[in-house]
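Q: Residues per chain are reported as follows:
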Amino acid sequence: GAVVSQHPSRVICKSGTSVKIECRSLDFQATTMFWYRQFPKQSLMLMATSNEGSKATYEQGVEKDKFLINHASLTLSTLTVTSAHPEDSSFYICSASRGAWRDTQYFGPGTRLTVL
Amino acid sequence: DQQVKQNSPSLSVQEGRISILNCDYTNSMFDYFLWYKKYPAEGPTFLISISSIKDKNEDGRFTVFLNKSAKHLSLHIVPSQPGDSAVYFCASQGGSEKLVFGKGTKLTVNP
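Order-wise, the sequence lines are chains A and B. First residue of the first sequence: 3, per this note's numbering; consecutive thereafter. First residue of the second sequence: 3, per this note's numbering; consecutive thereafter.
Just so you know, these hints were derived from the structure itself, not from any lab. Keep in mind that the hints are not guaranteed to be accurate.
[Said to hold, decoys possible] With the Cβ distance kept under 10 Å, some of the chain A side facing chain B (calculated, not the full set):
1) V6
2) F36
3) Y38
4) S45
5) M47
6) T51
7) I95
8) W103
9) G110
[Unchecked claim] Below, in silico cross-link-like pairs of lysine-lysine (DSSO-like), each with a Cα-Cα straight-line distance of 27 Å or less:
10) K100(B) to K68(A)
11) K105(B) to K66(A)
12) K56(B) to K7(B)
13) K100(B) to K7(B)
Each residue gets a CB set at the ideal place from its N, CA and C atoms; glycine is no exception.
Just chain A, same shape as in the assembly:
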């Protein structure tokens, strides 16, 4: 149990376009979902935390207007990278938890975004 999927696994887009990444909890209800970004040889860095039905909480330095997060249901959260630029190229990975304090985060497989 506790499977999280992400789609797409890989996307290449032109500079200036928007890209949507979906994160789904397949067999449990995820009250809380997290979005991380990982640059090569770096650690996973939390971008934002979202709770179902409410606005996401963004980490310092993450532009909320550029990285739009929607957590409309207990099984789906989306991250939209708006007007993507080459510096947004990275590995984006989501995780989901049932929402209890210090509940385990279950991670998706990640999405490799390349902006040309």
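Assemble the complex: chain A is given as a structure, and chain B must be docked to it using the hints.
A: Relative to chain A, chain B alone:
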């Protein structure tokens, strides 16, 4: 400023021997520590955790040791198996704050 450090990017051990992965942290507010394992093309999966009230937690072949005074934790895998070959991430948390991850250590267990 990196609050969680995994200073060894890679480690290679022989099957059947012990693997020891190390992690150091700087934030004294961290009171919960986790290890995640990641295979290629998959997301990290939770392996084992320890809270600051303990200094050891064991789960089968995996044991995590916490030395609070040194702000150091380690993951021991014994005996190591080829299927343990993966990237291991250390993560720390203080209160209800976010998880802070290290850069990971790639473990290779040779048959």
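Q: Which earlier hints turn out false for this structure, listed by number in ascending order?
A: none
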